[in-house]
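Asks: My request is simple: use the sequences and hints to build the entire structure.
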Amino acid sequence: MTILDAAAAPPPPTSAFRKTKWSVVWLLTLTIFSALTVGGLLAPIQEAVKIDLGLSDFQLAMIVGSATAIPAAILSLPIAWMVDHHTRTRLLIILASFWAVGTIGTAFAQDFYGLFAARLVSGIGAATAFPVLVSILADVCMPERRGRSMLLISIGAWAGVAAAFAIGGTLFGWLEANPSAFITDMPPWRELHLLVGVAAAVLVLPLFLIREPVRHEVERANPPLRVALAAFWSRRKFLGWLYVGNFAGGFAEGAAALWIGSVLVRQYGQSPGEFGGWVGLVIL
Numbered sequence: 010m011t012i013l014d015a016a017a018a019p020p021p022p023t024s025a026f027r028k029t030k031w032s033v034v035w036l037l038t039l040t041i042f043s044a045l046t047v048g049g050l051l052a053p054i055q056e057a058v059k060i061d062l063g064l065s066d067f068q069l070a071m072i073v074g075s076a077t078a079i080p081a082a083i084l085s086l087p088i089a090w091m092v093d094h095h096t097r098t099r100l101l102i103i104l105a106s107f108w109a110v111g112t113i114g115t116a117f118a119q120d121f122y123g124l125f126a127a128r129l130v131s132g133i134g135a136a137t138a139f140p141v142l143v144s145i146l147a148d149v150c151m152p153e154r155r156g157r158s159m160l161l162i163s164i165g166a167w168a169g170v171a172a173a174f175a176i177g178g179t180l181f182g183w184l185e186a187n188p189s190a191f192i193t194d195m196p197p198w199r200e201l202h203l204l205v206g207v208a209a210a211v212l213v214l215p216l217f218l219i220r221e222p223v224r225h226e227v228e229r230a231n232p233p234l235r236v237a238l239a240a241f242w243s244r245r246k247f248l249g250w251l252y253v254g255n256f257a258g259g260f261a262e263g264a265a266a267l268w269i270g271s272v273l274v275r276q277y278g279q280s281p282g283e284f285g286g287w288v289g290l291v292i293l
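The sequence shown begins at 10 in the working numbering and counts up by one.
Hints in this document: simulated from the structure, not taken from any laboratory. Careful, some of the hints might be misleading.
Here are the simulated DMTMM-like cross-link-like pairs (lysine to aspartate or glutamate), alpha carbons at most 20 Å apart as the crow flies [unchecked claim]:
id, residue 1, residue 2
1, K59, E185
2, K30, D148
3, K28, D120
4, K59, E283
5, K59, D120
6, K28, E185
7, K30, E221
Beta-carbon label-pair distances, calculated as ranges [what the hints assert, rightly or not]:
id, residue 1, residue 2, range
8, A257, H94, 28 to 34 Å
9, G123, I103, 32 to 38 Å
10, F241, F67, 23 to 29 Å
11, F256, D120, 51 to 57 Å
Since the model is a prediction, treat every value here as computed from it, not as a measurement. We put the CB at the ideal spot given by N, CA and C, even for glycine.
Replies: So this is what it looks like as C-alpha cells:
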C-alpha cells in the first residue's frame, strides 16, 4: 500500500506532468462504462432468467447481488495491493477480460450454480476495476486536471449503469420480437449476454495500447504493514464515517437496482423493452 504524505513529500517536477493524456482518460472512461454495463445487465431482464431457469427470488438475489458483492468484498484489498506493486495496465486488461468472459459464460449457464459462477467471474473484474482506473488516471493527468478527469470517469460509470437498462432492455425487447435474428432457439436473455460479452471482449483490445505511466507523488513504495495500519488509524473518524456513508448509499442503490426490473414486470406488467429506456434516463 502506498502511503502519501502531502506535507512531507516533495512536489513532483513540472516536467513529470507535461500534459494530460486525454486519449487514455477517454479510454478509461469507456472501460468503466463497459464494466458497469455488464455488471448491471442482468437486472432489467432477471424475470426472464428466473422463468427460464426456474429460480426462486432468493436465488435471483444471490445471482444479481451477492455474486457481484462477494468479489468486491473479498478482493478489493488484494487488488489495491496489486495496484501499488504491479503493472496496473496489465492488471486492468486481466480484470476486463474477466468481466467479458463472465458475461459470455452467463449466456451458456444451465442452472443456478452455473449462472452464479459466471456472475462471480464477471464480478471479479467489474466490481474491482475502479481502484485500478483511478490509480492510472492520477498518473496520466496534470494535477489541476484530475478533477475534470474524475468527472469523466464518474459520468462513464453512471452511463454504464444506465446503459445496462436502456441498451440491455431495448435490445432484449428487439431480440424477443425477432427470435431468429442471430441464434435460433436461443432465449433472448442468453443472446443479449452473448452479444454484450463479445462487445466487452472487443473493448479489451484497446487497453493493450495504454503504456504503464510513471508513478508520481509516492513517498515510499513498500511501507511496513504497521505503518499503513497506523496511517488508517490516524484517520479513523473520517474513514469510519466515509465507510458508513458509502455502505448506506451502496445498500440503497443496490436494492433499487436489484428489484426495480422485477417490480415493473410483476406489478405493472411492463417488459424490459418498455421500461429499459426511461429507467436508463432516470438513472442518468
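Asks: State for each hint whether it applies.
Replies: Hint-by-hint comparison with the structure:
1. K59 <-> E185: holds, 16 Å
2. K30 <-> D148: holds, 9 Å
3. K28 <-> D120: Distance of about 51 Å is beyond 20 Å: violated.
4. K59 <-> E283: Roughly 19 Å separates the two Cα atoms, so the pair holds.
5. K59 <-> D120: holds, 10 Å
6. K28 <-> E185: Not OK: K28 and E185 at ~48 Å, beyond 20 Å, violated.
7. K30 <-> E221: OK: K30 and E221 at ~12 Å, within 20 Å.
8. A257 <-> H94: 28 to 34 Å: holds, 32 Å
9. G123 <-> I103: 32 to 38 Å: violated, 23 Å
10. F241 <-> F67: 23 to 29 Å: Violated, at about 36 Å.
11. F256 <-> D120: 51 to 57 Å: violated, 32 Å
Against the hints set out earlier in the document, violations occur for numbers 3, 6, 9, 10 and 11.
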